[in-house]
Amino acid sequence: MADPRGFLKVTRAKTVDRTAHERIGDYREITIEPTPDELRAQASRCMDCGIPFCHHGCPLGNVIPEFNDLVWRGRFEDAARVLASTNNFPEFTGRVCPAPCEASCVLSLEEAPVTIKDVERTIAHSVFAGALDPVPSAFRTGKRVAIVGSGPAGLAAAQQLARQGHDVVVFEKADRIGGLLRYGIPDFKMEKDIIDRRLLQMEAEGVRFRPGVDVGTAIGKEELLASFDAIVLCIGARAPRDLPVPGRELGGVHFAMEYLEQQNRRVAGDAVPAESSIVAQGKHVIVIGGGDTGSDCVGTANRQRAASVTQLELMPKPPLVRMPDNPWPAWPLILRTSSSQEEPSAAGKACEREFAIMTKGFLPDASGTHVAKLAAVRVELAGGAIREVPGSEQELPCDLAFLAMGFVGPQKSGIVDELGLALDARGNIVTDRSGATSVPRVFAAGDASRGQSLVVWAIADGRRVAAGVHASLGSVLRAVG
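Numbering (this note's numbering) for the sequence shown: 295 to 775.
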């Protein structure tokens, strides 16, 4: 184990971010990498518990005490091998995962868990900084697998299956590979060369990528089933939750992903047509939704020098500490402030956050075509139901509004409809434990089957379903033999 008294001698210390005033001037990642000695000190705090609850918290089952011990001993290459044994993409999770492992750390009982996410990120940063060595299969099965969608679930499934000797083709309807990793997560949280390095490794392992192909349109059901022995749908939960209120049709009211994708494309060097360009500079911005996507809109608007940024959340303000009905090691339902919410707008003020407030409608400007104000009302929970507070109506200046209220499942048009897949009550694709759907040889993984979730869950799902596909293809090979 790491230092048996490390957690007594060393205080928890998270990695440091660049100052807010510096980082809003660019789209580079905000975190300053710690020195090896700083990281070793933090890894030394791991207690190597007899029953490591951090394993329970991590959807991937990362063997956390083992890589903490190796980092403490300065054996970063060995730590990377341990980490890679359970996690295909620690360079992703080390940046964008909310770290449920830390919430389950025994030291979290004292509100000072081991900085597991920082350790993971720095292992990936130090060992995977250059070209990644491919791990090709020593044999080929002759079986062909189509992966539809190139987000974290699709990439994880593709890599696992290629390393098991199958011929894997990844289809992506966007012009670049990466799904929401590419176009949903801002560069200030994860720069995209991180994805590109991993794609080069996967290509060397035999994965073929076909961007710009909309499966269900460019390639239909019959061609797909005839060309591949198995199909894995990793199409995400891309159908956004809308807000059907008066004025929704006004100019300036957008889904969050429209905004985030545009800015990611600008950073990548793409030209965004002026007629469809969404820019927050000099505008009063309101973000509706208090989650990660909303926070990403806040950070992007800050960098575009919005006049002001306000974030609205329907639910009440969370408590600052765990409540008795939310005990460890469950995920703590407490108030969190993201780095984006701390950053200043053009007026020098941090994002204003309003809780327990409901949007009633959008009011037009003098032209009648563009939003100028947002009408809202305070709400409270009464008997489990949301009730408007009489006399609390208000209007907020609003030149741009971004709807970041989550997603309601995979988009139903296209391959989902064409295949006639069974859906659950939430609109997600129904699968069994192996990932198999109601249609033979068709599997589903990630948000498409489990609903909107985290990158770490998507990777875990991709690995799990890849194992189901491999077992299915193996049974076919045995039957033929």
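Keep in mind the hints are simulated off the structure, nothing from the lab.
Please note: incorrect hints may appear among the correct ones.
As the list claims (entries may be wrong) - No more than 30 Å apart at the CA atoms, straight line, and that leaves these computed lysine-lysine pairs for DSSO-like:
#1 706 x 667
#2 611 x 483
#3 667 x 654
#4 486 x 667
Here's how the hints hold up against the structure:
| no. | hint | verdict |
| --- | --- | --- |
| 1 | 706 x 667 | violated (33 Å) |
| 2 | 611 x 483 | holds (25 Å) |
| 3 | 667 x 654 | holds (11 Å) |
| 4 | 486 x 667 | violated (36 Å) |
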